[in-house]
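Novice: Each chain, letter by letter, is given below.
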Amino acid sequence: MAVIRDVMPAFELFQPASIEDAQAVLGRYGADAWVLAGGLDSLDWLKDRIKRPQALVDLTGIPELKGIRPWQDGLEIGAMATLTEVVNHPVVRERYAILLEAAESAASPQIRNQGTIGGNVSQDTRCWYYRAGWDCYRAGGNICYADAPEAINREHAILGADRCVAVTPSDTAPALIVLDAQMVIRTAAGRERIVAAEDYFIGPGTDITRMTVLQPGDLLTAIRLPGEWSGARFYFEKVRDRKVWDFALVSVASAMVTAGSGTGSAIERVRLAVGGVAARPLRLSAVEDLVRGRPRNEATAVVAANLAIEGAQPLRFNGYKVPLMRNLVKRAIRGVEATTWTS
Amino acid sequence: MDFLTWGRSPWDQPILTHLSWDLLWASLFAGVVFLVAHASYMVLSAHRKRQAAETDAMEAALGHLPERITRHSLVARLFHWVMAASMFTLLFTAFLPIAGIQFAWVTWHWVAGLVLTGSILFHILHATVWLDFWSIWVGPRDIPELKAEVLRELGHDVPGPKSGKYPLGNRLYHLAIVAAGLSVVATGLFMMVRVRTPFLTRNPYLLSDSTWGVTYVLHGMAGVGLVGLIIAHVYFAVRPEKWWITKSMILGWITRRQYLEHHDPDRWDVASND
Chain W
28 MAVIRDVMPA FELFQPASIE DAQAVLGRYG ADAWVLAGGL DSLDWLKDRI
78 KRPQALVDLT GIPELKGIRP WQDGLEIGAM ATLTEVVNHP VVRERYAILL
128 EAAESAASPQ IRNQGTIGGN VSQDTRCWYY RAGWDCYRAG GNICYADAPE
178 AINREHAILG ADRCVAVTPS DTAPALIVLD AQMVIRTAAG RERIVAAEDY
228 FIGPGTDITR MTVLQPGDLL TAIRLPGEWS GARFYFEKVR DRKVWDFALV
278 SVASAMVTAG SGTGSAIERV RLAVGGVAAR PLRLSAVEDL VRGRPRNEAT
328 AVVAANLAIE GAQPLRFNGY KVPLMRNLVK RAIRGVEATT WTS
Chain X
13 MDFLTWGRSP WDQPILTHLS WDLLWASLFA GVVFLVAHAS YMVLSAHRKR
63 QAAETDAMEA ALGHLPERIT RHSLVARLFH WVMAASMFTL LFTAFLPIAG
113 IQFAWVTWHW VAGLVLTGSI LFHILHATVW LDFWSIWVGP RDIPELKAEV
163 LRELGHDVPG PKSGKYPLGN RLYHLAIVAA GLSVVATGLF MMVRVRTPFL
213 TRNPYLLSDS TWGVTYVLHG MAGVGLVGLI IAHVYFAVRP EKWWITKSMI
263 LGWITRRQYL EHHDPDRWDV ASND
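Sequence lines, in order, name chains W and X. According to our numbering, the first sequence is numbered sequentially starting from 28. According to our numbering, the second sequence is numbered sequentially starting from 13.
None of these hints come from the bench; they were simulated from the model. Bear in mind the structure is a predicted one, so any value in this text is a computation, not a measurement. One should not assume that every hint holds.
Which stretches of chain W does chain X cover? Using the computed rule of at least three CB atoms under 8 Å from a CB of chain X, they are [said to hold, decoys possible]:
id, region
1, 188-195
2, 220-232
DEER-style ranges, computed between Cβ atoms [unchecked claim]:
id, chain 1, residue 1, chain 2, residue 2, range
3, X, V48, W, E47, 51 to 59 Å
4, W, R220, X, V250, 37 to 45 Å
5, W, R343, X, M261, 46 to 54 Å
Derived EDC-like pairs (lysine to aspartate or glutamate); straight-line CA-CA distance at most 20 Å [stated by the list, open to error]:
id, chain 1, residue 1, chain 2, residue 2
6, X, K254, X, D276
7, W, K78, X, D24
8, X, K254, X, E157
9, W, K74, X, D24
10, X, K259, X, D154
11, X, K259, X, E273
For each residue, glycine too, the CB sits at the ideal point set by N, CA and C.
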C-alpha cells in the first residue's frame with residue numbers, strides 16, 4: 028500500500044545527452060525502464076515504492092528536447108520545455124493564448140517551473156485507488172475500486188469509462204487538442220511518428236494500463252502547433268476545488284472562428300475539447316458539427332451543451348460533473364459573460 | 013513461464029488475478045505444431061483409406077437412397093456459422109490486444125459473448141427436441157471405431173466399423189468444445205457484472221476476491237484452450253479429405269456415396285432421422 032517512505036527503491040540512473048542514447052537505454056531495459064521528465068509524477072510513484080523500475084532515464088540533459096522554436100507557420104515546443112517557458116513565450120502569448128491559459132492553470136508556479144509540457148500530457152492518472160498501489164484494472168488486476176458501490180469517486184469519469192473510471196489529469200491536453208497540435212514521437216525503432224493530439228491520448232477500452240499511445244521505448248520529443256488556429260477566438264476554463272494547485276474537476280477548451288465579431292455571428296470553424304470527465308481528454312466532434320454554421324448565441328450554446336453531455340453516466344459521487352460540463356460547454360460556445368449558468 | 017498472475021488485495025493478501033498470457037503463446041504454438049505434425053504425417057505416412065469396393069457394394073445394395081443426403085438442416089447450419097462468427101469475434105477481441113493490437117474491444121467482446129450464449133442455448137434446445145441428441149456424444153460403443161481409425165492411420169487395411177451421423181473425430185472435438193465453451197460462457201456471464209452493460213448493475217463484489225480470481229483463471233484457460241481448438245478445427249475443415257464435411261456445413265447435404273463410405277446406415281438411418 029502507498030506509505031510514503033521518502034526513500035526510493037534502488038535503480039540505475041541514466042542521464043543521456045541525446046535521444047539516441049536515451050532510447051538505447053530504454054531498449055535495453057524495456058518495460059523495466061522509467062522515463063523521467065520534470066519528475067513531478069514520477070517521484071510520487073517512486074517514493075511510494077509502487078513503481079520499481081530498474082533504470083531511470085532522466086531526459087533533462089538532452090538539448091534536442093528543450094526550447095520553443097518556429098515551425099512552418101506555427102511553433103514547435105520541445106517536450107522538455109517547462110510549463111513556465113510555455114506560459115512566458117511571446118508567440119504562445121500572442122497566437123496560442125489558450126495554451127498559455129491552460130499551462131498557467133496547472134498546479135503552482137514552483138511546479139510549473141519544474142514540470143514539462145511533455146510530462147504534463149504524458150502523466151498518469153491521479154485516481155487514488157490506483158495511485159495507492161492497489162491492483163486495479165489499470166495496474167494489471169481485474170477490478171476497479173473506484174467504480175464499486177461504496178467507492179469514493181467524486182473526481183472520476185462520467186464519460187468513456189470502460190471498466191476503469193480514472194480521468195486524465197492534464198490541463199494542457201484539451202488546449203492542444205483544440206489547437207490541432209501534432210505530437211512528435213520517436214519510436215523505439217528510431218522512426219519519427221506524428222500523432223494528432225486527440226489521438227495521442229487513449230482510453231481504457233483501448234489499453235487500460237496506459238493513458239497515451241506511447242509504448243515502452245517511445246519518447247515524445249516535441250509538440251507542434253500548426254498555424255491554422257492561431258489567433259482564433261479561444262476559451263479555456265478549469266473548474267477545481269481550490270483555485271490554486273489542484274487538478275481539474277472539469278475543464279473545457281474551445282477555438283472558434285466566426286463570420287464577424289458581433290453577437291450572433293455565424294460560427295465558421297470550431298474545435299472543442301473537455302478534460303476531467305473521461306480517461307482521455309475528449310474532443311467533442313459531434314458538438315462541433317452541430318454548431319458549425321449556427322449563430323454564436325444562447326440557443327446554440329444550449330443545444331451544444333445538451334449534446335455534449337449525452338451518454339454521461341455519473342457514478343455515486345460525481346453527478347455534479349454533468350451540469351458542470353454542460354455549463355462549461357455553454358460558456359465555451361457563448362462566452363462566460365453572456366451565458367446563464369443552469370443546474 | 014508463469015501459469016498464473018497474482019495481485020494484492022487492499023488487505024495485502026495475495027489474490028489470483030488471471031491466467032498468465034504466456035499460455036496464449038503456448039496454445040498458439042501447440043496448435044501450429046499439431047497441424048504441421050499432422051499435415052506432415054498425412055503427406056509422408058502410409059495411412060489407409062477404406063477400400064472402394066466396400067462402398068461400391070453398399071451403393072449397389074442401397075441404390076434406392078436419394079443422391080443427396082441431408083446432413084445439416086438450414087437451422088443447424090445457421091447455428092454453426094453464427095457460433096463460428098461469435099467465437100472468432102471473441103477470440104480476436106480477447107487476444108489481439110494482448111498481442112499488441114490495441115482497440116476498444118470490451119463491448120465487442122461481451123456482445124459476441126451474448127450471441128454465443130444465445131446460440132448455445134438455442135443449440136441445446138434444438139438438438140434435444142429436433143435432432144438425435146445422443147448422436148454427437150462418445151461412449152464405450154465407440155471403442156471399436158476408435159481402434160479401427162487408429163489402425164487405419166497406422167497404415168493397416170481395416171474394414172468397418174463406421175460412425176453414425178458424426179465421425180469420431182467430430183464427436184471428440186465436440187466434447188472438447190463443449191467443455192471449453194461452457195466454461196468460457198459460464199465464467200463470462202459472471203464477469204459481465206464487472207463491466208458496464210445495459211443489462212446488469214455493476215457489482216465487482218458479487219463474488220469474493222478469491223472466487224473472482226478462479227473465475228478469471230477459468231475464463232482465461234478456456235479461452236486459451238479455444239485458441240488451440242479453433243486452429244485444429246479450421247485446419248481439419250480445409251483438409252482435402254475432410255472437405256466433404258465442411259461442404260455439408262455450407263450446403264447441408266452429402267452425396268449418397270459419401271454417406272455410404274463414411275457412415276454406418278444402421279447408426280445413422282437417413283430414412284427416419286436427420
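Novice: Now tell me if each hint is right for this structure.
Specialist: These are the hints, each one checked on the structure:
| no. | hint | verdict |
| --- | --- | --- |
| 1 | 188-195 | holds (count 3) |
| 2 | 220-232 | holds (count 3) |
| 3 | V48(X) - E47(W): 51 to 59 Å | violated, 41 Å |
| 4 | R220(W) - V250(X): 37 to 45 Å | holds, 38 Å |
| 5 | R343(W) - M261(X): 46 to 54 Å | holds, 50 Å |
| 6 | K254(X) - D276(X) | holds, 17 Å |
| 7 | K78(W) - D24(X) | holds, 16 Å |
| 8 | K254(X) - E157(X) | holds, 18 Å |
| 9 | K74(W) - D24(X) | holds, 19 Å |
| 10 | K259(X) - D154(X) | violated, 25 Å |
| 11 | K259(X) - E273(X) | holds, 16 Å |
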